[in-house]
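Number of protein chains: 2
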Amino acid sequence: MRHFLSVCLAVSALGATPLFADPLPSWNDTEAKAAIIDFVERVTDPASPDYVTPDARIATFDNDGTLWAEQPFYFQFLYALDRLRERAEADPSILTSDVLRAAAEGDLGPVLHAGEQGLLEVVAVSHSGMTVEAFQADVRDWLETARHPETGMRYDAMLYQPMLELLAYLRDEGFSTWIVSGGGVHFIRAFASEAYNIPPWQVIGTRATVSYDEENRVLMKGPEIGFIDDKAGKPVGIDQQIGAVPIFIGGNSDGDFAMLDYGSAQGGPFFGLIVHHTDAEREFAYDREGPVGKLVRGLDEGPGKGWLIVDMARDWGQVWPAE
Amino acid sequence: MRHFLSVCLAVSALGATPLFADPLPSWNDTEAKAAIIDFVERVTDPASPDYVTPDARIATFDNDGTLWAEQPFYFQFLYALDRLRERAEADPSILTSDVLRAAAEGDLGPVLHAGEQGLLEVVAVSHSGMTVEAFQADVRDWLETARHPETGMRYDAMLYQPMLELLAYLRDEGFSTWIVSGGGVHFIRAFASEAYNIPPWQVIGTRATVSYDEENRVLMKGPEIGFIDDKAGKPVGIDQQIGAVPIFIGGNSDGDFAMLDYGSAQGGPFFGLIVHHTDAEREFAYDREGPVGKLVRGLDEGPGKGWLIVDMARDWGQVWPAE
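Protein chains in written order, with the numbering used here: chain E, 677 to 999; chain R, 677 to 999.
The hints are simulated quantities; they were obtained by calculation from the structure and are not laboratory data.
Please note that the accuracy of each hint is not assured.
Chain copies aren't distinguished; within one or between two, either way the pair holds.
What the hints assert, rightly or not - Quick list of in silico lysine to aspartate or glutamate cross-link-like pairs, DMTMM-like style, CA-CA up to 25 Å:
1) Lys-981 <-> Glu-707
2) Lys-970 <-> Glu-890
3) Lys-907 <-> Asp-987
4) Lys-981 <-> Glu-717
5) Lys-981 <-> Glu-765
6) Lys-970 <-> Asp-889
7) Lys-981 <-> Asp-726
8) Lys-981 <-> Glu-891
9) Lys-907 <-> Glu-890
10) Lys-981 <-> Asp-963
11) Lys-981 <-> Asp-714
12) Lys-970 <-> Glu-826
13) Lys-970 <-> Glu-792
14) Lys-907 <-> Glu-792
15) Lys-970 <-> Asp-832
16) Lys-907 <-> Asp-889
17) Lys-907 <-> Asp-848
18) Lys-981 <-> Glu-965
19) Lys-907 <-> Glu-891
Turn these sequences into a full structure, and let the hints guide you.
Encoded structure:
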């Protein structure tokens, strides 16, 4: 009680700060920004027919390509390659397939050719046989030293400033903000609190099988995939971990299509957002082709479903956070 | 901002209410109640060496036998039997095994003899082939009309008043409260918000495989079990859905042992609580024997690990909520 009153007094003291400061300063004044603000105002105004109670203000976002960058390849995979190389130097016998041998030599061709299975194979060898805790400490170590091959930036600095502002704006307006990613849940949780202010229980992702070691009382990551949180798996992951349907969903690739479509289907107030990577100068430009972030259905069908296609080059005044 | 200030003013106006009202009025003044309050005060006092920040104040509870009753048999199973009977009347061909035929006739012997597999078989036939939404509406319908065979009460009135007070007390002190149950997650979510003030995303449980039907844009419950949230599965469920270790864990059977032990193992401030069903007069008395809620390791090893064994007859002044 004492703390609560202190907060109240502090808030009163701040009464002079502008109440209507721009919640999305890194967004240009285009229709994208206006549409977001209009939606948030409608669902938070008790007098509006579209009013949604705070408990139902659930917002989910893809991670790779939506909240942080994903070029030239998913950052988690670059981490996996680094660790695979190190492990293979110590023990070459772990390279039991052509895909793994190629990956350890930095040749991505065979891995990409093997598709999702190729990625999972590399991830399985490099991420398993350790406790969840040790894995996450290792991810944090890697983020401290690894640098992006093109920008030279820390990977966890390649967050999209406009999306950070959107997350904060939604939370300020009573939304809970969740990540629903095809990437690994343990990987993302290692940095999501610090990067996005999103706690581990609001991160949903692909996961390895985890088992409880009763003798040592620790959780171990296994090599098998337990759940793939991509495409039609995203609504399933939302059911597993949220048990309610988001009213605001953001993504950037066709891996997010089912999640967006599921939210749209409810018939209530809904905001669908697709980040379209149109900015080769400040970030990367890609959509219908390539091994990462393929976006076809979202561009073709999204506008007809009322989803906002964010044109990064036009709608964003700034891409990366200030250092 | 306007709402927040209103709340502050309202709180100020309430300044005359007693700040130190008993948070656990249905608990007798025994060492059990004192131990709970002592722990909560230590972890919430910033000056205490055991202080825990609010984000890490995670409390998990088993459901059957911990938050509500579980005799003569898990309530979800009684629901499953009711629905199996109705379905079999309409279409006897669904009774494809001796276990199912016996269950439909109300003969529980063969089901119990088949153990967990028997239960899962009945649940699979009675709970699958429908959307998650339709299933939960059906559970709520059942709760409206079904009555407990011995008490004549609604099943969702057979909640333990002392545990409802404990949940509210923990939340008032900045904890998040979660259910981690061997029961079905969709079943519990159908009533947990109303019964416990626990939202769907804070319910972890056993679950069927769920698939997303892209054509109809709905989630379908399948007949296969996707995850069993019991015994060593409970720490795994906590990892899947919370991603952090609870500091307060309550249970009542050996199905909760691994979860309690996992929390204990962290070495930080930790409170383990086991509800011991000692009250044949007001509720039921059972522990080491029987098909439901077997408690052996908890009684033998719990006290040595510092866990509180709640003696329902001695420690609880009231069992059920007032009507």
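Verification of the hints:
Proximity of Lys-981 and Glu-707 under a CA criterion of 25 Å is satisfied intra-copy only: 17 Å inside one chain copy versus 60 Å between copies. Taking the shortest alpha-carbon separations for Lys-970 and Glu-890, only the inter-copy value of 19 Å comes in at or below 25 Å, while the best intra-copy value is 42 Å. Proximity of Lys-907 to Asp-987 under the C-alpha cut-off of 25 Å is restricted to the intra-copy arrangement: shortest distance 22 Å within a copy versus 49 Å between copies. For the homomeric pair Lys-981 and Glu-717, the shortest alpha-carbon distance inside one copy (21 Å) is at most 25 Å, but the shortest distance between copies (52 Å) is not.
Taking identical chains as interchangeable, the C-alpha atoms of Lys-981 and Glu-765 are never at most 25 Å apart, the minima being 51 Å within one chain and 43 Å between chains. Taking identical chains as interchangeable, the C-alpha atoms of Lys-970 and Asp-889 lie at most 25 Å apart only when they sit on different chains, with a minimum of 22 Å there against 39 Å within one chain. Taking the closest pair of Cα atoms, Lys-981 and Asp-726 come within 25 Å of each other only inside a single copy of the chain (18 Å); across copies the shortest separation is 52 Å, beyond that limit. In this homomeric assembly, Lys-981 and Glu-891 come within 25 Å of each other (Cα to Cα) only across copies, at 15 Å, whereas the closest approach inside a single copy is 52 Å.
Taking CA atoms no more than 25 Å apart as the test, Lys-907 paired with Glu-890 passes between copies only; the shortest distance there is 10 Å, against 34 Å inside one copy. Taking the closest pair of Cα atoms, Lys-981 and Asp-963 come within 25 Å of each other only inside a single copy of the chain (19 Å); across copies the shortest separation is 56 Å, beyond that limit. For a Cα distance limit of 25 Å, the shortest separation of Lys-981 from Asp-714 inside one copy, 18 Å, qualifies, whereas the shortest one across copies, 55 Å, does not. When the C-alpha separation of Lys-970 and Glu-826 is checked against a cutoff of 25 Å, the pair qualifies only within one copy, where the shortest distance is 21 Å, while the shortest distance between copies is 59 Å.
In this assembly of identical chains, the alpha carbons of Lys-970 and Glu-792 lie at most 25 Å apart only when taken from the same copy (14 Å versus 44 Å across copies). Proximity of Lys-907 and Glu-792 under a CA criterion of 25 Å is satisfied intra-copy only: 12 Å inside one chain copy versus 33 Å between copies. In this assembly of identical chains, Lys-970 and Asp-832 lie within 25 Å of each other by CA distance solely inside one copy; the values are 22 Å within and 48 Å between copies. Proximity of Lys-907 to Asp-889 under the C-alpha cut-off of 25 Å is restricted to the inter-copy arrangement: shortest distance 12 Å between copies versus 32 Å within a copy.
For the homomeric pair Lys-907 and Asp-848, neither the shortest alpha-carbon distance inside one copy (29 Å) nor that between copies (39 Å) is at most 25 Å. Taking the shortest alpha-carbon separations for Lys-981 and Glu-965, only the intra-copy value of 23 Å comes in at or below 25 Å, while the best inter-copy value is 58 Å. Taking the closest pair of Cα atoms, Lys-907 and Glu-891 come within 25 Å of each other only across two copies (14 Å); inside a single copy the shortest separation is 37 Å, beyond that limit.
Hint compliance for this structure: hints 5 and 17 are broken, all remaining hints hold.
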